[in-house]
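A.B. asks: Residues per chain are reported as follows:
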Amino acid sequence: MPNSPATAEGPVISVRGVVKKYGNMRALDGVDADVSRGEVVVVIGPSGSGKSTFIRCLNGLERVDGGRVTIDGMPISTRRDWQVARRRIGMVFQDYSLFPHMTVMSNICLAPVRARVGTRAETEERAMEMLERVGLAHKANDFPAALSGGQQQRVAIVRALAMKPEAILFDEPTSALDPETIGEVLAVMKELAREGMTMVVVTHEMGFAREVADRVVFMDKGRIVEIGPPEVIFTSPREDRTKAFLEMIF
Amino acid sequence: MQLIIENFPLLLTGLWHTLQLAIVTLLGSTVISVAFGLMGVARSGVLRATSMAYVEFFRDIPLIVNVLFVYFGAPLIGISLDPFGAATISFSLWGGANGAEIVRSGFNSVPLHQERSAVALGLKPWEVMWYVLAPQALLPIIPPFTGLFSLLIQATSLASMVGAMEFFRTSQIIVERTTMMTGYSPAFLVYGFVLLVYFVICASLSALTKRLETSLSERQSRRGGRKAAIPQAANESI
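Top to bottom, those sequences are chains A and B. Residue 37 in our numbering sits at position 37 of the first sequence; the count goes up by one each step and never skips. Residue 163 in our numbering sits at position 163 of the second sequence; the count goes up by one each step and never skips.
No lab work stands behind these hints, which were simulated from the structure alone. For each residue, glycine too, the CB sits at the ideal point set by N, CA and C. Heads up, some of the hints might be wrong.
[Claimed, not checked] One-sided excerpt, in silico: chain B residues whose CB lies under 10 Å from chain A:
1. H113
2. Q114
3. A118
4. V119
5. L121
6. L123
7. K124
8. E127
9. P135
10. L138
11. A207
12. K210
Could you put the whole structure together from the sequences, leaning on the hints where they help?
C.D. replies: See the structure below:
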């Protein structure tokens, strides 16, 4: 995948001491984490643990109340910093959020053409190739309403990829899908991971985490409780809270 | 009928002035509506509060009071306005306040995640607005805006209160003059004609926007259309 060689070493995304408050509640309470190039980090945890807030802080959709977020070694703070940084950090949401007034093709090409990632012709050609690979080339000129949830989510992934991002964040990408379409979205994500895309994935799909993750992050009450390779987290977690959570869901 | 034909030139002048009033008023209202409507959905609290204060103020005073106030009040601050100017300004201020509210709620009807996912693509704020939010806000804005337009066209008759020679005023003159000259009042006939003309103008306006609306929403339904013969899994999507 087109990972830019801008900075060869060092984490793509790095957060230090990040705090996010909603009123008196600390949704994130001093979180430190690094995401290395080509790494797949899966974030798990009970609902309300702060994992969605955490992933939204990684592209500035949530402004942090404390701590620091660094992208490619550059600290990001102002609104303008974030707007530019978001071109390199794609995001896929739970509710796909395709633009209903645009065709699939226009959805994909809008941002890369505006940001001059490529010319319209180049972008459309690339979009078509990517649609082909996720099996949706025949839907290029349809509007999102004509697509199933799983199809829309695959388009949303292609839309994020069209920016040639260095990393993609997935915020519960399969939670809103019908069970029978979850597989097709996970398959696309697995392929991306195989190709070396840097990914941060918040999910409840433990099978995916086990199979694809390089590291699993377990969060609870706004903190990272434990980070480790999936085989360790899922079979012999150090922390009691991790154990309790895993026992609850398996 | 004879009477209408005899006085046709006068009525025509009145109608022409009414159309001028209407066009300027509609333009002014639209500009104010968009400006204050966008302020109403701005990030800055100051802008939002300003917009809200403006909207509340002008929606809460009767239009006729507004017209009289502008006409008689303007000279107090050293501006002299002719009836036409006073009327268009006050109509625009009033229409703008009502229109701003329509524009604001149009934008508010676009789901929040649309803005969020546009922002997440690294689009600039104006690009988010222009390419993603505005096109989606347009459809819910059109019907109430048509209603406002037709209300404003009817409201132009209030300009007669400050002496503007518009359509309604000229018809009033005809009624008065004829009553004085012949001793009988042609009010029913003349006002009936006036009513008909306003009706034709406003009805054709709504017919026109109805067509615009249908063609817009047809495009939207074509979005779902064609392939959507299979049961729609689409609606639950958002």
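A.B. asks: Take the hints in turn and mark each one as holding or not.
C.D. replies: Outcome of the hint check:
no.: 1; hint: H113; result: holds (5 Å)
no.: 2; hint: Q114; result: holds (6 Å)
no.: 3; hint: A118; result: holds (7 Å)
no.: 4; hint: V119; result: holds (7 Å)
no.: 5; hint: L121; result: holds (4 Å)
no.: 6; hint: L123; result: holds (6 Å)
no.: 7; hint: K124; result: holds (6 Å)
no.: 8; hint: E127; result: holds (6 Å)
no.: 9; hint: P135; result: holds (5 Å)
no.: 10; hint: L138; result: holds (9 Å)
no.: 11; hint: A207; result: violated (25 Å)
no.: 12; hint: K210; result: violated (20 Å)
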